[in-house]
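Undergrad: Here is what each chain is made of, one letter per residue.
Protein chains: 2
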Amino acid sequence: MNKENVNTRKINLQEIKELVINVFQNQGCDIPNANALANTIVSAEQDGSSSHGLFRVPGYVASLQSGKVNGKSSPKVQHQTPVILKCNADNGFASYSHKIALPMLADAAKINGIAALTITGCYHFAALWPETEFLANQNLVGLACTAFKPAVAPAGSIKPFFGTNPISMAWPYPGGNPVVFDMATASMAKGEVSIAARDGHTLPDGVGLDGDGNPSNDPKEVLKGVLLPFGGYKGSAISLMVELFAAGLTGDTFSFEAQENDNNDGGPPKGGEFIMAINPEIMAGSDWVNHCKLFFDNLSSFEGVRLPGSRRHKNRLGSDVREVNVELLDKIKGYL
Amino acid sequence: MNKENVNTRKINLQEIKELVINVFQNQGCDIPNANALANTIVSAEQDGSSSHGLFRVPGYVASLQSGKVNGKSSPKVQHQTPVILKCNADNGFASYSHKIALPMLADAAKINGIAALTITGCYHFAALWPETEFLANQNLVGLACTAFKPAVAPAGSIKPFFGTNPISMAWPYPGGNPVVFDMATASMAKGEVSIAARDGHTLPDGVGLDGDGNPSNDPKEVLKGVLLPFGGYKGSAISLMVELFAAGLTGDTFSFEAQENDNNDGGPPKGGEFIMAINPEIMAGSDWVNHCKLFFDNLSSFEGVRLPGSRRHKNRLGSDVREVNVELLDKIKGYL
Numbered sequence: 001m002n003k004e005n006v007n008t009r010k011i012n013l014q015e016i017k018e019l020v021i022n023v024f025q026n027q028g029c030d031i032p033n034a035n036a037l038a039n040t041i042v043s044a045e046q047d048g049s050s051s052h053g054l055f056r057v058p059g060y061v062a063s064l065q066s067g068k069v070n071g072k073s074s075p076k077v078q079h080q081t082p083v084i085l086k087c088n089a090d091n092g093f094a095s096y097s098h099k100i101a102l103p104m105l106a107d108a109a110k111i112n113g114i115a116a117l118t119i120t121g122c123y124h125f126a127a128l129w130p131e132t133e134f135l136a137n138q139n140l141v142g143l144a145c146t147a148f149k150p151a152v153a154p155a156g157s158i159k160p161f162f163g164t165n166p167i168s169m170a171w172p173y174p175g176g177n178p179v180v181f182d183m184a185t186a187s188m189a190k191g192e193v194s195i196a197a198r199d200g201h202t203l204p205d206g207v208g209l210d211g212d213g214n215p216s217n218d219p220k221e222v223l224k225g226v227l228l229p230f231g232g233y234k235g236s237a238i239s240l241m242v243e244l245f246a247a248g249l250t251g252d253t254f255s256f257e258a259q260e261n262d263n264n265d266g267g268p269p270k271g272g273e274f275i276m277a278i279n280p281e282i283m284a285g286s287d288w289v290n291h292c293k294l295f296f297d298n299l300s301s302f303e304g305v306r307l308p309g310s311r312r313h314k315n316r317l318g319s320d321v322r323e324v325n326v327e328l329l330d331k332i333k334g335y336l
Numbered sequence: 001m002n003k004e005n006v007n008t009r010k011i012n013l014q015e016i017k018e019l020v021i022n023v024f025q026n027q028g029c030d031i032p033n034a035n036a037l038a039n040t041i042v043s044a045e046q047d048g049s050s051s052h053g054l055f056r057v058p059g060y061v062a063s064l065q066s067g068k069v070n071g072k073s074s075p076k077v078q079h080q081t082p083v084i085l086k087c088n089a090d091n092g093f094a095s096y097s098h099k100i101a102l103p104m105l106a107d108a109a110k111i112n113g114i115a116a117l118t119i120t121g122c123y124h125f126a127a128l129w130p131e132t133e134f135l136a137n138q139n140l141v142g143l144a145c146t147a148f149k150p151a152v153a154p155a156g157s158i159k160p161f162f163g164t165n166p167i168s169m170a171w172p173y174p175g176g177n178p179v180v181f182d183m184a185t186a187s188m189a190k191g192e193v194s195i196a197a198r199d200g201h202t203l204p205d206g207v208g209l210d211g212d213g214n215p216s217n218d219p220k221e222v223l224k225g226v227l228l229p230f231g232g233y234k235g236s237a238i239s240l241m242v243e244l245f246a247a248g249l250t251g252d253t254f255s256f257e258a259q260e261n262d263n264n265d266g267g268p269p270k271g272g273e274f275i276m277a278i279n280p281e282i283m284a285g286s287d288w289v290n291h292c293k294l295f296f297d298n299l300s301s302f303e304g305v306r307l308p309g310s311r312r313h314k315n316r317l318g319s320d321v322r323e324v325n326v327e328l329l330d331k332i333k334g335y336l
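These protein sequence lines map, in sequence, to chains A and B. Take 1 as the starting number for the first sequence in the working numbering and just add one per residue. Take 1 as the starting number for the second sequence in the working numbering and just add one per residue.
Chain A with its partners taken away, still in its complex shape (with noise of 0.2 Å):
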């Protein structure tokens, strides 16, 4: 969305809150999954990610009315070990999944130092910040990665295989906000490159292929073709750490069996999410706090150097009041 060129209208995080539960129960949730879908929603507004807050309203309400996704989940966690955990989603969002589930994760690893969690039959239409940032708000690493569906060609090919593949980790830091990263192995974002095509730029190499499979800097073009990872083969290999995290280790959809089982309603496709919590106490011992302080405030005394997360925890911190697109606005509320 390109705030510039649309109308917005003010509205804060609270009235946005009371909208989403009211749609999400009015379209089939009950109200924990109501809430913790807006809980997502409203954290995403918060953090000025419009693109993964109210923006995603209408794909979610769409795989409720497809009957894709239930509204009504039930998520089920078991532990197999002390330290692996195993949370069926029940046909559910991931989001109460997370609520569920995380807490359960993060006791496992305080006491152990590591433990692992993956997610079954769940439905992920959010960034990942949230999981892993709630580990890093309890003193926990946390990292966190999903699989998609096939957008993006392995260093090599021509055609997509790997899903656009989020990895996001979250490093504690006490008394502040964490080090977050959050990011797509796809080297840009699908949206992105249609924006790029709108506004007549030209995209940086190594972004995409046209239809034909050659390089391209023609957002056109490469709209035509396919994406590739970030990075080259360096890139591909962590898209495909990604995907095996993602569906190998949860025994989940890998993203070319998730196209496969989707109905393209607009929402996401059914598939796994692994995620894992350390704990740097155990590890590293009492002094990691000072240890990583250190190094973070030597990286951030470089010129040009931002902190991972230090933008959208600035965001956070600000006015509660979001300027929102009229017409996605409307739409929203024509689902009450």
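By construction, these hints were calculated from the structure, which means they are not laboratory data. Computed from a prediction, not measured in an experiment: that's the story for all the values here. Some clues are possibly wrong.
A pair counts as met if it fits within one copy or between any two copies, since identical chains are not told apart.
Unchecked claim - List of simulated lysine-lysine pairs, DSS-like, C-alpha gap at most 30 Å: (1) Lys-17 <-> Lys-331; (2) Lys-190 <-> Lys-17; (3) Lys-10 <-> Lys-76; (4) Lys-190 <-> Lys-220; (5) Lys-68 <-> Lys-99; (6) Lys-17 <-> Lys-333; (7) Lys-314 <-> Lys-17; (8) Lys-224 <-> Lys-17; (9) Lys-99 <-> Lys-110; (10) Lys-72 <-> Lys-333; (11) Lys-110 <-> Lys-76; (12) Lys-72 <-> Lys-220; (13) Lys-293 <-> Lys-76.
Chain A is fixed; fit chain B onto it per the hints.
TA: The following block gives chain B in isolation, referenced to the frame of chain A:
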């Protein structure tokens, strides 16, 4: 090393092993340390990775001669919890710590599903795939990373801060070779930039900055400046993660600290290593084998795609005769 331009001599793997065991014993290693080092070097040569084989012996020897590294190290491993192991490398090269600690890590992951090992006070001068493949060969997912000395400018900056920060993942493939990547998070190794300078080649975009901090495709200018992470700010985030895992979680030195402590004798700096093992049987259930095979079979059916690690494994199965630079071989024999 550019084999085309130098005289080489044929030597088989058994001869290489005997030669380096003798060299390391003559340079102050006891038998267990010499054997562990020799195995690391021979497996690199066996896999055709000459940059991590005999090529490294002068560096190993320099660090033994300077007294920096303890050739009679006696690594000690402790269980912090059933799934967190700490190995104090006793100032030795990492190889001997691996020999002692990796089987314990594998056992912990087999029983509990996930486990992590930190190695501290070690000198890592080899590839990472020996440790991750060791785990994958026992049907565990292996992940390893280590830091180095500042060589790479974090995205947005023009000064080195991150190490070359390699990361390796090995995925088990029962009945076949594991799928393994092992890569620096720098855009390119400094040695490769030197070769491009010598041969008059230009560098791709994004490899490095010149001495004034401007992007340059001229390898001679980049050698006066600094390397960049692979893949822009996304690769920089992965390099950050490696640095944090290798130093933040181990409690050992970040790259900028390693620099301050190192004697620059030509060997590696002292530092830590993070190694993790995950048991897919416990996490995903017994169908993981077929599920992952299906994925790998699909991926490798794509024209132009090679599964990471497959070239090395092909070398491993070929002849056991290697052609080694005569000058290097004579230099190594001079250490006897």
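Undergrad: So, for every hint listed, does it hold in this structure?
TA: Evaluated hints:
1. Lys-17 <-> Lys-331: within (16 Å within a copy, 71 Å between copies)
2. Lys-190 <-> Lys-17: Intra 28 Å, inter 52 Å, cutoff 30 Å: intra-copy only.
3. Lys-10 <-> Lys-76: neither (39 Å within a copy, 62 Å between copies)
4. Lys-190 <-> Lys-220: Classified as within; 11 Å inside a copy, 37 Å across copies.
5. Lys-68 <-> Lys-99: within (21 Å within a copy, 50 Å between copies)
6. Lys-17 <-> Lys-333: Only inside one copy: Lys-17 and Lys-333 sit 13 Å apart there, 73 Å across copies, limit 30 Å.
7. Lys-314 <-> Lys-17: Answer is within: at 20 Å inside a copy they meet the 30 Å cutoff, but 57 Å across does not.
8. Lys-224 <-> Lys-17: Cα proximity of Lys-224 and Lys-17: none, with 38 Å in one copy and 54 Å across.
9. Lys-99 <-> Lys-110: both (18 Å within a copy, 29 Å between copies)
10. Lys-72 <-> Lys-333: Classified as within; 21 Å inside a copy, 73 Å across copies.
11. Lys-110 <-> Lys-76: So Lys-110 and Lys-76 pass the 30 Å test inside a copy (21 Å) and across (24 Å) alike.
12. Lys-72 <-> Lys-220: For Lys-72 and Lys-220, the Cα distance exceeds 30 Å both inside one copy (41 Å) and across copies (62 Å).
13. Lys-293 <-> Lys-76: So Lys-293 and Lys-76 pass the 30 Å test across copies only (29 Å; inside, 37 Å).
Hint compliance for this structure: hints 3, 8 and 12 are broken, all remaining hints hold.
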